[in-house]
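There are 2 protein chains.
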Amino acid sequence: MRQSFDDTADRSYGPRHLPLIRKAMAEQGLDGFLTPHEDEHQNEYLPAANDRLAWATGFTGSAGAAVILKDKAAIFVDGRYALQVLDQVDTGLFEVRDLVEGGVPAYLETALDRGSVVGYDPKLHSPDALERLSAAAARAGARLKPVDPNPLDRAWGAERPAQPAAAVVPHPLEFAGEASADKRRRVGESLGKAGAEAAVITAPASIAWLFNIRGGDVIRSPLPLGQAILEEDGSAILFLDPAKVSEDLPAWLGNSVTLQAPDALPAVLDAFKGRRVLVDPAQSSAWYFERLRHAGAEIVRAQDPTALPRARKNAVEVEGARQAHIRDGAALSRFLHWVSSEAQAGLPDELEVVRKLEGFREATGALKDLSFDTIAGAASNGAIVHYRPTHRLAKKLETGSLLLVDSGAQYLDGTTDVTRTIAIGEPTPEMRDRFTRVLKGHLALARVRFPAGTTGSALDGFARAPLWAAGLDYDHGTGHGVGSYLGVHEGPQRISKVPNSVALEPGMIVSNEPGYYKTGGFGIRIENLQVVTEPAEIEGGERPMLGFETLTLAPIDRRLVDKSLLTREELAQLNAYHARVLAVVGPKVPADVAEWLEGACAPIA
Amino acid sequence: MRQSFDDTADRSYGPRHLPLIRKAMAEQGLDGFLTPHEDEHQNEYLPAANDRLAWATGFTGSAGAAVILKDKAAIFVDGRYALQVLDQVDTGLFEVRDLVEGGVPAYLETALDRGSVVGYDPKLHSPDALERLSAAAARAGARLKPVDPNPLDRAWGAERPAQPAAAVVPHPLEFAGEASADKRRRVGESLGKAGAEAAVITAPASIAWLFNIRGGDVIRSPLPLGQAILEEDGSAILFLDPAKVSEDLPAWLGNSVTLQAPDALPAVLDAFKGRRVLVDPAQSSAWYFERLRHAGAEIVRAQDPTALPRARKNAVEVEGARQAHIRDGAALSRFLHWVSSEAQAGLPDELEVVRKLEGFREATGALKDLSFDTIAGAASNGAIVHYRPTHRLAKKLETGSLLLVDSGAQYLDGTTDVTRTIAIGEPTPEMRDRFTRVLKGHLALARVRFPAGTTGSALDGFARAPLWAAGLDYDHGTGHGVGSYLGVHEGPQRISKVPNSVALEPGMIVSNEPGYYKTGGFGIRIENLQVVTEPAEIEGGERPMLGFETLTLAPIDRRLVDKSLLTREELAQLNAYHARVLAVVGPKVPADVAEWLEGACAPIA
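As you go down the protein sequences, you meet chains X and G in turn. Under this note's numbering, read the first sequence as residues -9 to 595, first letter to last. Under this note's numbering, read the second sequence as residues -9 to 595, first letter to last.
Just so you know, not all the hints are guaranteed correct.
Note: identical chains are not told apart, hence a pair may lie in one copy or across any two.
What the hints assert, rightly or not - Here are the simulated BS3-like pairs of lysine-lysine, each with C-alpha atoms no more than 27 Å apart in a straight line:
1) Lys135 <-> Lys113
2) Lys346 <-> Lys386
3) Lys183 <-> Lys135
4) Lys578 <-> Lys358
5) Lys113 <-> Lys263
6) Lys508 <-> Lys553
7) Lys358 <-> Lys234
8) Lys183 <-> Lys62
9) Lys135 <-> Lys13
10) Lys113 <-> Lys13
These are computed hints drawn from the structure, not numbers from a lab.
Hey, can you work out the whole structure from these sequences and the hints?
This is the structure in structure tokens:
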């Protein structure tokens, strides 16, 4: 088993660790310390050694922050984690506050005493975030102070796990589709347009993509932790822990890439006097900006220059994604067959559901890792958006309830992410009504055609409108970008009500995952990945339009569809999708599954 | 007649005026001069005295810019004006460039010689725009220099019209709905939250709203040109030309408003040392920022604090808008009746169409002004989005073509803006197909329900999707905000594919105006104004949803509707709208019009 069902932190963490952190703070003359969830690499999923927020508070969600003061403390989470934080964190020690509404700055403004000094680790904060935090502290008459060492790390001490050191290996051209030298030349040339001569690249996914390498430093993503400096001519310095450099790596990287140890980075930056260097404030911490400023470099604040080229998958990556999804769809169909037969009778618990699905994926022989811990939410657990089943929380399936399963896999040729919601026993009319509305939104976002320049914010509403019309909504984004054997959540494109200016371009992969959640009742989500297609003429039209090709291939539970709520167009679209699933996946599954699939994919008349 | 059909500028303007401007530039030691369309008040519609771009180039569009160098010049317009600029401007003198793609900065970067000095009038540029322009000039090794006097104004000399000086009059409470003192107290209190003690207000619409006054300085909008300084306690200084101050104005403004002449403003700003002053960089020119910086004020860059309160119409203003639209809908119905009867036979020209419509509005006895020059575009003229009929350009109506009429009125109780497209003779199947797709988008945006926090960018796609699906689109925004007896184009809300973060709130009025344009053929646009409604429960739902109440009441040409393209929901929605038009407007029109209206509003079965 790759997935563990143990709690990685618990309510005792705060009471045990907060005094240690406060002691270390006091020794460094600090009245407070800021603890974001992000680590030195702005990772979403953290190596255990960098999950400082969990160690300090017990909270294991993927976003959040804490402010630890001498006599009080607060933890900040967003709406997704409103329930989880109450379960994991000792609320006698930590006041729970909203990460988005007001957030940390509003707290600092009211909670800090005049004259107090609050420390922060400059490697853990973006320069923009720090500016807002500093302004808020100033309004309270307090100030922020960069500290090194990090007092939390000192408090953690010997108990802290080692930094990861998984081997970094080549990612072959048959999967990458473009040689690193070509990528570096192409991105290098783009630096001039941004007014820069060189770029500091620190996002692990960017490092992996640019050099066609993969690592194992972060759970669930084949990311190598490191940094790089890319020059306009495409040459580069790659900073990697020598312990991680696999034998064939130097030859793979070639002559135009110099390998150096990470402790050589500060001196390299210090030599940048007078040079125009691009740094992405959303990806690189304040530490880089401070270091380069002190060195006398001219900083060009701009988006990571690999972000868009990486997001636009090339033809080899798109074809890889198709193959990965056929493979994954076959494993998933075996799983859905099991849920629809044995599990309906045996009513196993969520852990068994997770084990089964992992087993089918493992049996493909191609599984490199899960792309995230499988969410299997039975009945009311399905309504907890970022639920992860553990020994402590797992439920058994119940007849007359729904099972929500959100899962994904890392294969060499692609990353998958799929959610299906399955009726256990007979669903209620309410469940079918909600499911069908979610399905209507999902189908609308799958079939929409749109002109070049359209952003994901402009499409988000299509997935929500059928819920809105019924006085319903869901409190998460509709779609995120997905990497190619990389992170399962990657930008810069996304489909969200949050305004963003990134146009969807051919080759970009996004998820399409509207949902509905009835707290204490059930959860519904339907998620496919889809790739933006090339602009194509439409008969009788004047302007070529982009659109989506659906990658994910697995049946959608027909028993949950109320066809009276579907238009003819929607019904035809659902039937066509199921026909495609049957045609493509049918031949890849054992006979009993194939037989079941025929029924599961039969057209709704 | 209020509307004139004369050309206000022509192709001879460039050849006649460019040498004069270059001479004035040379006398001031300048190698170039920047000429934006905007004036000192960032107006959209300009007093003749401030339409510098038209005087320099001949171009009369509502957005644009020119760069005049010693030996070359360029004019910048957006896609709306791509055709018009070729008609109005001598392209032997002015290179035509895109205002959006690259725009002025890209031109400066390539066109300026090293060491050259380009002048600008700091009262005509926003600080953000200037920053981009300065950076571009610097990349070319040139520099920008603020100049006073403006060399173009010197060149214009005695030929320049006088500055407007229309009387500024009270806007009574029965229309404004909230006393100025209450508005000022409310907005004043909000300054503290933005970290300011006072605000500089320069947008004419903000001045008008905040003090409940109206003026006549700008054609088509009852705007008073002036400036104000608002204090946290709600007291204010209002800078108005004494010649414009009507007799009863001082008493109307009350004791907490000090009236001063505009030439007193610089000295008032100079005394702001150490004070925290809010200024909106989108509304107030670089001149204010420079002046305050020199004075030692602490500038708080933030949105004009009246922008949102002004956009959220109060109950009196919303009821006023309803009444204005009933009155306007009756005038418009008389006009549509005329188009559908006499005009179909007589085939008059566009000027007669404009005269007729203005006549019906004038006959209401309540017309204060048009809200903009009526666009009556027959046949191919309808495809020119910002067309205005003139003696030179006007066409006669043609059988088998479409007539697009976009018009609006200023009444004391509200501002209207409505577009109808009418078949002249028998429409072609293509016209009906396109019209019905535009209608589907219009209906979708009229019926959508959405949660609090939703922006206009998130709704824009609903109006476009039926066109997108057919490979079609339109190159303008879908909706703009509208004032209450104020500007017909007012922010901050809008419905557009351009990302914006302004949530739609109850009381905001927006237009809903998708279109389709076949160059050289015909133009289609369907425009109603609609007001955002209070959040309301939906039966069976969980979250209250906002929505729209349609204000505009006039029939949509049924002969252009291809009902086979409409869903049952869309058909029911159109029929319900027509039933409402008939019920509300029918009793307000003469008998022959009422009889015609019955047919025009009859349900489509």
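Here is how each hint holds up against the structure:
In this assembly of identical chains, Lys135 and Lys113 lie within 27 Å of each other by CA distance solely inside one copy; the values are 13 Å within and 41 Å between copies. Taking CA atoms no more than 27 Å apart as the test, Lys346 paired with Lys386 passes inside one copy only; the shortest distance there is 14 Å, against 75 Å between copies. For the identical chains of this complex, Lys183 and Lys135 are inter-copy neighbours only, at 26 Å across copies versus 36 Å inside a copy, given an alpha-carbon limit of 27 Å. With identical chains, the CA atoms of Lys578 and Lys358 are at most 27 Å apart within one copy only, with a shortest distance of 20 Å there and 74 Å across copies.
When the C-alpha separation of Lys113 and Lys263 is checked against a cutoff of 27 Å, the pair qualifies only within one copy, where the shortest distance is 21 Å, while the shortest distance between copies is 38 Å. When the C-alpha separation of Lys508 and Lys553 is checked against a cutoff of 27 Å, the pair qualifies only within one copy, where the shortest distance is 22 Å, while the shortest distance between copies is 39 Å. For the identical chains of this complex, Lys358 and Lys234 are intra-copy neighbours only, at 18 Å inside a copy versus 77 Å across copies, given an alpha-carbon limit of 27 Å. For the homomeric pair Lys183 and Lys62, the shortest alpha-carbon distance between copies (26 Å) is at most 27 Å, but the shortest distance inside one copy (49 Å) is not.
Taking the closest pair of Cα atoms, Lys135 and Lys13 come within 27 Å of each other only inside a single copy of the chain (17 Å); across copies the shortest separation is 57 Å, beyond that limit. Proximity of Lys113 and Lys13 under a CA criterion of 27 Å is satisfied intra-copy only: 22 Å inside one chain copy versus 57 Å between copies.
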